[in-house]
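Note that the protein sequences, when read in sequence, are chains Y and P. Be aware that the first sequence starts at 1, since it is given in our numbering, and climbs by one per residue. Be aware that the second sequence starts at 109, since it is given in our numbering, and climbs by one per residue.
Quick caveat, the hints were computed from the structure, so don't treat them as lab data. For glycine and all other residues, C-beta sits at the position ideal for the given N, C-alpha and C. Be aware that a few hints might be false.
Between beta-carbon pairs, the in silico distance windows are [claimed, not checked]:
| no. | chain 1 | residue 1 | chain 2 | residue 2 | range |
| --- | --- | --- | --- | --- | --- |
| 1 | P | G501 | Y | R23 | 27 to 33 Å |
| 2 | P | D143 | Y | E86 | 35 to 41 Å |
| 3 | P | G566 | Y | R89 | 48 to 54 Å |
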Amino acid sequence: MGRGGYLGEFEQIVLLAVARVERETYGMEIRREIEERTGRQVSIGAVYATLDRLEDKGFVEPRHDSSGGRARRFFVLTPAGADALEASRDIQARMWSGLKLKRAGRKS
Amino acid sequence: MAAPAASPRPPFLSRTLLKFAAPAVARAEVLGDHDAEFERVLHSQSVGAARRWSRWQALRSIAPLFVMRVRHAVPLLTSAGWRDDAAQAWRALARQPRIAGVCVLTLAVAMAATLAAASILERALLHPLSFPDPARIVRLWNTGPDMADVRSTSLLDVDDWRVGSRTMAAISAFTAQSSTLTGRGEPRRLDAMRVGQDFDRVLGIRAIHGRLFESSEFARGNERALILTHAFWRREFGGDAGVIGQTMTLDDEPWRIVGVLEPMSVIYPTPKYDVWMPLIARQNAFWENARETGWVTPVGRLSPAATLDQAQTELSAIAKGLMAQYPKSNARRVGIGLARLEDEITETSRPVLLLIAGAIGAVLVVALVNLINVLLANGERRRREFAVRLALGANDARLRRQTGLESLIVAGAATGIAMIAAPSLVNAFRALYPADLPGATASVLTPLQFWAALTGLGVSTILLTWPQRRLTRVAARDGGLRASHRITAAHRGRAVLIAAQSALSVLLLVLSIVFIRTVTGLASIAPGFDPHGVLVFGLTPSPSKFGSSAAVGQFYDDALTAVRRLPGVKAAGIGIAVPFVSWGWAFGATRQGSSEAPVMVGVNAISSGYLETLRMPLVSGRFPTDDELRGETAVLINEAAVKLLPNPGPAVGQRVPYSGKTWEVVGVIGDVRENRLDRPGRPSLVLPWKQAGRRPQTMVVRTDGDPLTSVPAIAAAIHALDDSTPLAGLQRLSDVVAESVAAQRFRAIVVSALGVVAALLAAMGVYGVTAFAVARQERENGVRLALGESTSALWRRVVLSAVTPAAIGAVAGLGAAWAAARWVQALLYDTNARDPLALAAAAAALVVIAALAAMPPARRAARIDPTIALRAE
Chain Y
1 MGRGGYLGEF EQIVLLAVAR VERETYGMEI RREIEERTGR QVSIGAVYAT
51 LDRLEDKGFV EPRHDSSGGR ARRFFVLTPA GADALEASRD IQARMWSGLK
101 LKRAGRKS
Chain P
109 MAAPAASPRP PFLSRTLLKF AAPAVARAEV LGDHDAEFER VLHSQSVGAA
159 RRWSRWQALR SIAPLFVMRV RHAVPLLTSA GWRDDAAQAW RALARQPRIA
209 GVCVLTLAVA MAATLAAASI LERALLHPLS FPDPARIVRL WNTGPDMADV
259 RSTSLLDVDD WRVGSRTMAA ISAFTAQSST LTGRGEPRRL DAMRVGQDFD
309 RVLGIRAIHG RLFESSEFAR GNERALILTH AFWRREFGGD AGVIGQTMTL
359 DDEPWRIVGV LEPMSVIYPT PKYDVWMPLI ARQNAFWENA RETGWVTPVG
409 RLSPAATLDQ AQTELSAIAK GLMAQYPKSN ARRVGIGLAR LEDEITETSR
459 PVLLLIAGAI GAVLVVALVN LINVLLANGE RRRREFAVRL ALGANDARLR
509 RQTGLESLIV AGAATGIAMI AAPSLVNAFR ALYPADLPGA TASVLTPLQF
559 WAALTGLGVS TILLTWPQRR LTRVAARDGG LRASHRITAA HRGRAVLIAA
609 QSALSVLLLV LSIVFIRTVT GLASIAPGFD PHGVLVFGLT PSPSKFGSSA
659 AVGQFYDDAL TAVRRLPGVK AAGIGIAVPF VSWGWAFGAT RQGSSEAPVM
709 VGVNAISSGY LETLRMPLVS GRFPTDDELR GETAVLINEA AVKLLPNPGP
759 AVGQRVPYSG KTWEVVGVIG DVRENRLDRP GRPSLVLPWK QAGRRPQTMV
809 VRTDGDPLTS VPAIAAAIHA LDDSTPLAGL QRLSDVVAES VAAQRFRAIV
859 VSALGVVAAL LAAMGVYGVT AFAVARQERE NGVRLALGES TSALWRRVVL
909 SAVTPAAIGA VAGLGAAWAA ARWVQALLYD TNARDPLALA AAAAALVVIA
959 ALAAMPPARR AARIDPTIAL RAE
């Protein structure tokens, strides 16, 4: 696991979106990916703030590019980012294994 | 991508919110994403949907973006390199010591002036009274029929108000009196305040030594108790606490000192007095025991539960009750008025102080505009320095921290200087201020001043950082090697700043001119007598030594004879109503058979030599003879009184009734200004001086040379007759008259000083901007000269480029002066606040100053050798 420690839920989602694109990607693309997959509207600010945090933790790597007209930062998943995602998935898997949810207060 | 013509733009508010919330690193991306997505939603759905989407985005993005912004700022504040940056900042300042000095000084002056103004205004207008809960202290007065106010009332009435009122926590009254102090060196006049029971409770004042009056001291026979004011105690007894229990001899009676008052910020009720005495009606003074007389001034303190309106209602009912109970004495006292004491105290000083504060504010704006100008020009010079540092690997954040530190050092130094200098400024202002400024104690740092200083530090740091930041950004963008279009824009911005400076300067110059004209106008008024070379002083012999009127008369006769015999004395006389010094009395008079409202006629009583000493001119008839001045038949009147005479035709020889006798007018003298140069004197009647009875007399002595040099001889001559009679308030009469226009002179001095400063600052601004423009256009000017432009045309062009914004600003300033005239006119005498000549002179002066300031740079521009200029880049 990287120096960032445990991934928050939205961090995980953003990191997964970066990973899914499988190439350098940027804010707008990441947000659309999340909106399409989750069906939920996502705020621009939240995406950039999360990317900023992930960058600090070393899970994504930015690259400046102004060749396409608009100034844009492209992000790729770092090995540390990949490790963190896998660790999160493992933790979840271990927590889920053998678990059957019973909903209290609901008949049958 | 061609958008439809009517395509709505992304909502401005959302964009603005996003722009301000986003940190610089992500700002462009966030806005770009927002705009692109807005466009998409617009085309795929509807305008409404796109707008809703934009609003949702903006609101949801603020919080995460702001958190991100803070996260970005934190490493800047906590990361290493502080020492490096601070050293860098210090070196940058040290490299340009003159610029740094100008910045520190300008800011320091600006902040010191603001601090001083804030402190004065706080004391004088917001909290003039140091008494507890001052808003509950009220002045009370009788209201007569037709809304006429009667400021004083009788002690009996005040006692009845106190008994009847529930809304007032305390009601009291005061009256001033003057007593002779003997037994402590030279005999002197003391100003005493006779204060009623509960006066201390009305003010909420305490004694710092001894005690306040006890109720037993408001009884006849037990009233000889004194409380000293703090200032008198310090002055007279050097702050000795052992003074309690000692006695002082006032008017030949022993008075026991029972207490010393705590210091007051506003010496209340009058600006200067020395002691408190218990106020009770004296047995031998019939008017003090009567109800119909008005001889005390009532004051009160509202009870915490009551409002001003409730008190007003209750007191009106009390007045009605007294009117019914005492129909004879209280027929004309139909009501009781009341007003907050604070409002009354600040009433007179408010317009002048606000005017001065406004003028100071204007100068500050001019000074700060100059500062921004200097920094913008200098920042452009530093563009290369920033570019080099960026190229060597410094990041934008580090540069920002360095410029921030530079600003903090400059602003910190300026704040320090300002805080040290502000109290002296306040004291200088107080010394210059003609009257007693409310809030006399100053120079401690109040919370308001502290916050003002802190805000000043913050604001000036940001102010200093701003022009530098702009340049850092420009440097970051283009490596510091181009950016000429931005500089052109900055130059245009500076022209606007010059115009603003000019406008404020013209406004202040107009005010200076009209105030100075008011003062010169007042100074040129002939007061109707000649105050130069005349000494005045009060002369009232002790009543216990000179019991009878005959004895007093003999004393004055002897005193006049002794004084007239002194070398250097040209004339001497005694009167009770010396203009600008003392008051006689007055009565209401109407022309016989006329139904006009009565006119107040002033009464004076004079000895021989009085008119000659003051050089009052005779208009017709003759001066009374010495015998007539001892008799009871002859009077003088002044010109204003002629129209009140019973018969038309010549005044001399007419008989007038006064005080149960018939008097013959033997002469008419000219009118004199009585206590204000800008107001003509009243009609007046001049009686033989024995009619003065035992009223306090004022002696006037005309001497060769400076009258003050004759004081020792005159005092010795009078003390040879009686060594217990003081010469009270010795002054040159000319000083007293000059003092009466001190308020106007003060205004004129302060406003014109500020006007001159503003104009000089504006000149500096014009010079700086023009010099910078000339330096930058060196190449362009070289080309023009090479292409055949004459040096005089070049000169004209440079000067015009400086004068044009100044002239535009001057016109705006004239507009402001025109608008301000509404408030200023009331402060003027015989001068029009919109005087076209003053307006024109101010505007012309400023344009000339601007042209002169642009001359040196213009000369430099015209002197360039085109070949050198072309080779320069």
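Comparing the hints with the structure gives:
no.: 1; hint: P/G501 x Y/R23: 27 to 33 Å; verdict: holds, 30 Å
no.: 2; hint: P/D143 x Y/E86: 35 to 41 Å; verdict: holds, 37 Å
no.: 3; hint: P/G566 x Y/R89: 48 to 54 Å; verdict: holds, 49 Å
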